[in-house]
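Could you slot chain B onto chain A? The hints should help.
Protein chains in written order, with my numbering: chain A, 151 to 412; chain B, 9 to 333.
In short, the hints are calculated from the structure, not lab data. No residue lacks a Cβ here, since even glycine has one placed at the ideal position from N, Cα and C. Among these hints, one or two may not hold up.
Residues of chain B clear of chain A, computed beta-carbon distances all greater than 12 Å [said to hold, decoys possible]:
1. G56
2. G151
3. D172
4. S238
5. I250
6. Y257
7. K310
8. I312
For the chain B half of the interface with chain A, some residues (derived, Cβ under 7 Å), not all of them [claimed, not checked]:
9. I79
10. T83
11. V107
12. R112
13. Q114
14. D118
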Amino acid sequence: MSYLYVMKTQLIRSFTYRFDVYGNIIMQTIIMVTTAFFWKALFGSGSFGNGMTADKMLTYTIISSAMSVLFTTGVERRIQRSVQQGSISVEMIHPINVFGVYFAEDMGTIAALLFQNLLPIIIIGSLVIKVPMIVSVSAIPMFAASLVLSMGINWLLAAIFGMWAFTAVEMDALIQVKKHLLRLLSGSIIPIWFFPDSLRAVLEALPFVYIYQLPLDIYVGSASTEDILRRMVIQVIWFAVLGTAFFILQRRVLGKVMVQGG
Amino acid sequence: MIRVNDLHKEYHVVKKGQGLSGAVKGLFKSEKLTVNAVNGLNFHINEGEIVGFIGPNGSGKSTTIKMMTGILTPTSGEVLINGQNITKHRKEAVRDIGVVFGQRTQLNWDLRLEESFELLRHIYRIDKKQYSETLEVMDEILGIGEILSKPVRQMSLGQRMKGDLAASMLHSPKVLFLDEPTIGLDVGTKYSLRKFIKEINRLRKTTVILTTHDLGDIQQLCERIIIINSGVIMEDGNLSEIVERIAPYRTLKVEFYDSDIPKHERAELISEDNNVACYKFFKSELTAAELIRDLSGEKAIKDISIEEAGIDDIIRIAYGIKNVE
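Chain A on its own, in the form it takes in the complex:
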């Protein structure tokens, strides 16, 4: 299949670019280790209300760092570049959907990052902090299912966001804002159970917590099965909503392509 080959090509390309790979490992390691020390200092040997211990919090931190690799997206920048440089025109002469190509490219990049980033982060985390074991073997299928949906939601959000580039051509700053807002609101660094109830209710209605918080809760076992299932239903709904929005928008956007420069 053509999209699979695009993915494979991107995988090969990613392996030839070593540069930012090491940078990202170093950055993620710094965030991971400092966050871990922070939690250690905060908890000491005690525990938090919902049965969270410092130990579980450390697992949370390591897995969150590892997961961030899976949420790497190039699609916003890719759209921006294509629109700005006008290369969108050569992408559209092929019998293939351009967003399908962007998706396949992102999956190819992530596949390469599994070895280049995710594995090193888990290894460093295990050596420096602790071995991040999942709460129980029976949680694995649920974690995996939820993680796949998370990746879907994350990519769809990025793609929908990136479609802005078709109108507001310059959006480097917006991409940064979105990235940091997402990390803050999704529970990737601070779990949302630390937030006030009212804010938490708002966040649970938004799609962001279904990217990091939900799979992490499943992994460390910090919520009841009932609660998890309820939130997984919301996750599926968000996935469907964003998926539908994406399909409608991409049709509209591609019908409105403007080519910059001739």
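Okay, now just chain B, sitting in the frame of chain A:
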């Protein structure tokens, strides 16, 4: 093979005021202007034709090409490629077309040429046998064999253009669109590009649509030209017939022995420089032989040459007609 019916394209551009105050105002209120880039085009192109699509910068020819290749959506009207509406069935219809943009590449900068080709092979789902046959033909015409293993980013413009041409032909399209393919190329590469166009047209009956500012391209390749200006067709027809109709004159350049230059009642003296003079005359009124005989009757002639009205005259006149209106 290609049918264009009443094709229109409007752009909306935001008009911004000048200077800082204009920029600030633009943040709150913007005035929209509608520009008719393409304004009701109708034509059809048969299989195996080589058509030159020409017009000045900003005439709407690139917009037209982009609508014909499914990149831009027309405001109204339709483009049928081999019977299929390219806007509605883009993914199917683009299988029949190959596109080369002189100023962009469809090759991947990070990959070697053959890797880019391999990617295209998968995108178009070309089977291996057909693929290697096409590649062989491309190597014969363009000599791309030696650059196949070269990364695209290291290629010269000429090499890249050859790569792009081969890439556009991998899936054996029925129609090839070339948007200013010879821009920036040296004489040798231009020559091989023209040879390539002639060859694929002859061997594969590929229909070629070409936009260019290079008059040599048109003269050597196109039997038919479509001249477009301000989004409308100014001329559409056989190149030599258009020349015959718009510029049915020739120029005779005569070198005399001295600077005393004779006049002729039926030929216009358009320039004189020392002892060299140029006469413009209409074929219907005067033959070259008559003119030469008359002139040599008055003064001794050292040397002569006759120039047909060139394609550049045609273009100047065709563009000019619009300006006069």
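These are the hints, each one checked on the structure:
{"no.": "1", "hint": "G56", "verdict": "holds (22 Å)"}
{"no.": "2", "hint": "G151", "verdict": "holds (24 Å)"}
{"no.": "3", "hint": "D172", "verdict": "violated (9 Å)"}
{"no.": "4", "hint": "S238", "verdict": "holds (17 Å)"}
{"no.": "5", "hint": "I250", "verdict": "holds (26 Å)"}
{"no.": "6", "hint": "Y257", "verdict": "holds (35 Å)"}
{"no.": "7", "hint": "K310", "verdict": "holds (48 Å)"}
{"no.": "8", "hint": "I312", "verdict": "holds (43 Å)"}
{"no.": "9", "hint": "I79", "verdict": "holds (5 Å)"}
{"no.": "10", "hint": "T83", "verdict": "violated (11 Å)"}
{"no.": "11", "hint": "V107", "verdict": "holds (4 Å)"}
{"no.": "12", "hint": "R112", "verdict": "holds (5 Å)"}
{"no.": "13", "hint": "Q114", "verdict": "holds (4 Å)"}
{"no.": "14", "hint": "D118", "verdict": "holds (5 Å)"}
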